[in-house]
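Enquirer: Going line by line, the protein sequences match chains Y and B. Going by the working numbering, the first sequence opens with residue 1, and the numbers climb by one from there. Going by the working numbering, the second sequence opens with residue 466, and the numbers climb by one from there.
Some hints here could point you the wrong way.
[Stated by the list, open to error] Simulated coverage check for chain Y against chain B, where a stretch passes if three residues somewhere in it have a Cβ under 8 Å from a Cβ of chain B:
#1 135-145
#2 430-439
#3 442-448
[Unchecked claim] Quick list of the computed label-pair ranges, beta carbon to beta carbon:
#4 Gly695/B to Asp373/Y: 35 to 43 Å
#5 Arg190/Y to Leu635/B: 47 to 55 Å
#6 Lys80/Y to Gln625/B: 18 to 26 Å
Everything labelled a hint here was simulated from the structure, so no lab data went into it. Computed from a predicted model, the values in this text were never measured in an experiment. Glycine included, C-beta positions come from ideal geometry on N, C-alpha and C.
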Amino acid sequence: MSRRADLRQRVAEATRNERVLQAVHQATWRKADAREQSFAALRHADALREKAAQIRRHTLENLPEYLEQFVEKATALGAKVHFAPDGPAACRIITQLAADRGLRLAVKGKSMTSEEIGLNAALEAIGVRVVETDLGEFIVQIDRDRPSHIITPIIHKDRREVADAMARELGCPRTEDPAELTRIARGYLRDIFRRCDLGITGVNFAVAETGTLCLCTNEGNGRMTITRPRVHVALLGIEKIIPRLANLPVFLKLLARSSTGQPMGVYTTLINGPRRPDDPDGPQELHIVLLDNGRSAILKGPLREVLTCVRCGACLNACPAYRNVGGHAYGSVYPGPIGSVVTPLLYGPACDDLARLSSLCGACRVACPVQIDIPALLVALRARAADRQPVGKRLLLSVWRRVMEHPWLYRLGQAVLRHALRDADGGWVRTGRGPLRNWTLVRDLPRPARESFRQLWEARLRDER
Amino acid sequence: MDARAAAGDDARMDVGIFITCLTDTFFPRVGEATVRLLRHFGCRVHFPPAQTCCGQPAYNSGFHAHAAALLRRMPRALEGCEFVVTPSASCAAMVKEHGPRLNGVDAGDIGRLAAKTWEICTFLRDRLQLDIAASLRAREPVTFHYPCHARGIYEVADLQAWLGRLDLRLPTRADLCCGFGGLFAVDFPELSGRMLDDKLDSLAASGARLVICNEAACTLQMAGGAHRRGLPLRFRHLAELLAESLGLMEAET
Chain Y
1 MSRRADLRQR
11 VAEATRNERV
21 LQAVHQATWR
31 KADAREQSFA
41 ALRHADALRE
51 KAAQIRRHTL
61 ENLPEYLEQF
71 VEKATALGAK
81 VHFAPDGPAA
91 CRIITQLAAD
101 RGLRLAVKGK
111 SMTSEEIGLN
121 AALEAIGVRV
131 VETDLGEFIV
141 QIDRDRPSHI
151 ITPIIHKDRR
161 EVADAMAREL
171 GCPRTEDPAE
181 LTRIARGYLR
191 DIFRRCDLGI
201 TGVNFAVAET
211 GTLCLCTNEG
221 NGRMTITRPR
231 VHVALLGIEK
241 IIPRLANLPV
251 FLKLLARSST
261 GQPMGVYTTL
271 INGPRRPDDP
281 DGPQELHIVL
291 LDNGRSAILK
301 GPLREVLTCV
311 RCGACLNACP
321 AYRNVGGHAY
331 GSVYPGPIGS
341 VVTPLLYGPA
351 CDDLARLSSL
361 CGACRVACPV
371 QIDIPALLVA
381 LRARAADRQP
391 VGKRLLLSVW
401 RRVMEHPWLY
411 RLGQAVLRHA
421 LRDADGGWVR
431 TGRGPLRNWT
441 LVRDLPRPAR
451 ESFRQLWEAR
461 LRDER
Chain B
466 MDARAAAGDD
476 ARMDVGIFIT
486 CLTDTFFPRV
496 GEATVRLLRH
506 FGCRVHFPPA
516 QTCCGQPAYN
526 SGFHAHAAAL
536 LRRMPRALEG
546 CEFVVTPSAS
556 CAAMVKEHGP
566 RLNGVDAGDI
576 GRLAAKTWEI
586 CTFLRDRLQL
596 DIAASLRARE
606 PVTFHYPCHA
616 RGIYEVADLQ
626 AWLGRLDLRL
636 PTRADLCCGF
646 GGLFAVDFPE
656 LSGRMLDDKL
666 DSLAASGARL
676 VICNEAACTL
686 QMAGGAHRRG
696 LPLRFRHLAE
706 LLAESLGLME
716 AET
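Just chain Y, same shape as in the assembly (with noise of 0.2 Å):
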């Protein structure tokens, strides 16, 4: 089946899950809500916003240079750092690291550059267990799924099917209640942190003026993740630049609002180098990945403004396809608005459909904490992938765009219209033929008017007083 085909009946079957498309209802519905309620509490909200979108911007445009004073620093700062062209050489650089130094068990903080790059299959076939520390991510891996959105990777799940993992997984008693398979999670993860050797986390921000890294969580996970074990791996897109420890208030004010609604993050870790001498705790040795795997050239294209993005979540909160999909239908790592810019980006043209999947309605643009244009991005992807689309419809656009060309013949096709649909029944046609099939899948139509406006106009309206 071809790779259209595919999308079309993953998201018309996707449309049918019930309960998860509950379960999602609820979970963006509330968190959307409790953005807006803490974005309306915020004072100079948009200004901040355009502040952090300014900063964005100003250090892609300047990511080369950024890039060299991080490295600089952070080396000073004893990290080692290194540069991963591509998802396979991040993988090789963090699995021969583990192998060099008999690494067996890595425990893992949410990290959504190292789903793109696939790297616990990398790890584990090479014999290393790999642990997701993150609660939602503990379950999706617990229970052999995948995520269906960047923040929330368990939002397509109700809490009967994680009472149903947990039990059959981890073999405690069954119970439904959050907090008591919290707890659950908790134990089986502490004798996890207490053996583990290696750390890996993502990095939400990297300040090029000091070296450091920024992690930002809920659940202390991080924190333990980065601080038990003896080698720290962090893996980051050369976009998580930011150029001053200055600037990461602007972020970290806006980043927990748009993903959760909370003022700030529970957790907000700022990693300096590995464990030095006289500190009570930390990693030997810190190693810092940093991964292009496409981002120079997106850089380099039209849609660089996509870089700019903070991986909040928002979008796919405010989306009301992704809420009527849910993320798996994306088929993509990163799903919802801003996975289909980013994905047909990053994996090429053979994911340019994604794009399609958008009523282009805007709310992800209001969302978004750096003002990305994602709708104008959307559109972008579609024209660069129109030659590519089903020939059928490439006809069928060539003969309205003929018909519109010319009022007599606009006219005609009216009148066609008007004639083709005479029998609708009451005024509405409720079985559509041809191109009308999809539209009275899930609609009725209603009849052309009887005298369309230019008739009308001609008949009485231009004349009349």
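Assemble the complex: chain Y is given as a structure, and chain B must be docked to it using the hints.
Expert: Below, chain B alone, put in the same frame as chain Y:
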């Protein structure tokens, strides 16, 4: 007042109607209301017959050569009008916001058209300085749908202000998309239908049966969905309600 207002008939504003293809074909009454309102408030109204479609469906779905071909026709079709007024905010946005960025369209031509193009409600409010809210009447509670593609033309708060003196039943999430989205509606019909269900649920829960919707495409989608589900919702353009309120049109039942 300037001299023109005192000078009588010759000094009236010349307004060209940009009716848009969907309104022309499916909702001529909205066009009629627009004409009557403009005349009522002293404009001389023209309907340049060379106009067809602004190209928005092609633009949104990425067929930009087609969109440019149609948009290029617009400045010529609407040449000579001092103002161009349309009942559709999304078509206004196509001309004013997307058009100038489209390859293959003369920047000067489209720029001049963009500058003189107005959506009807904002034209009445900003150009003719009318208090829409003060003139609107309705015999029943009303609710409203905010068309997504009106962003940048008017906001939810504007619509709410215009309807503010009616028995207004605020819908939850007034700016929730109806799920139309141009070709999206037929590319992913099941998804478009689910989004439509969310929208109709929100409107139905408002308690009002009369829905103000100023966008023909959204009305096509929502009225079609309401009819399929048997919901007792009726959809009106604000221009229709205003023309009815001023006695310029018979109230439609």
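Enquirer: It remains to establish, for every hint, whether it holds in the given structure.
Expert: To see whether the hints hold, each was checked on the structure:
Three residues within the 8 Å Cβ limit are the bar, and the stretch 135-145 of chain Y against chain B gives 0, so the coverage statement is violated. Evaluation of the coverage hint for the stretch 430-439 of chain Y: fulfilled, as 4 residues show C-beta separations to chain B shorter than 8 Å, against a requirement of three. Requiring three or more residues with a Cβ within less than 8 Å of a Cβ of chain B, the coverage given for the stretch 442-448 of chain Y holds, as 6 such residues are present. As the Cβ distance of Gly695/B to Asp373/Y is approximately 39 Å, the hint placing it in 35 to 43 Å holds.
For the pair Arg190/Y and Leu635/B, the supplied restraint of 47 to 55 Å holds, since their beta-carbon distance comes to about 49 Å. Take Lys80/Y and Gln625/B: their Cβ atoms lie about 57 Å apart, and the range 18 to 26 Å is violated.
Checked against the numbered hints above, the structure breaks hints 1, 6 and satisfies the rest.
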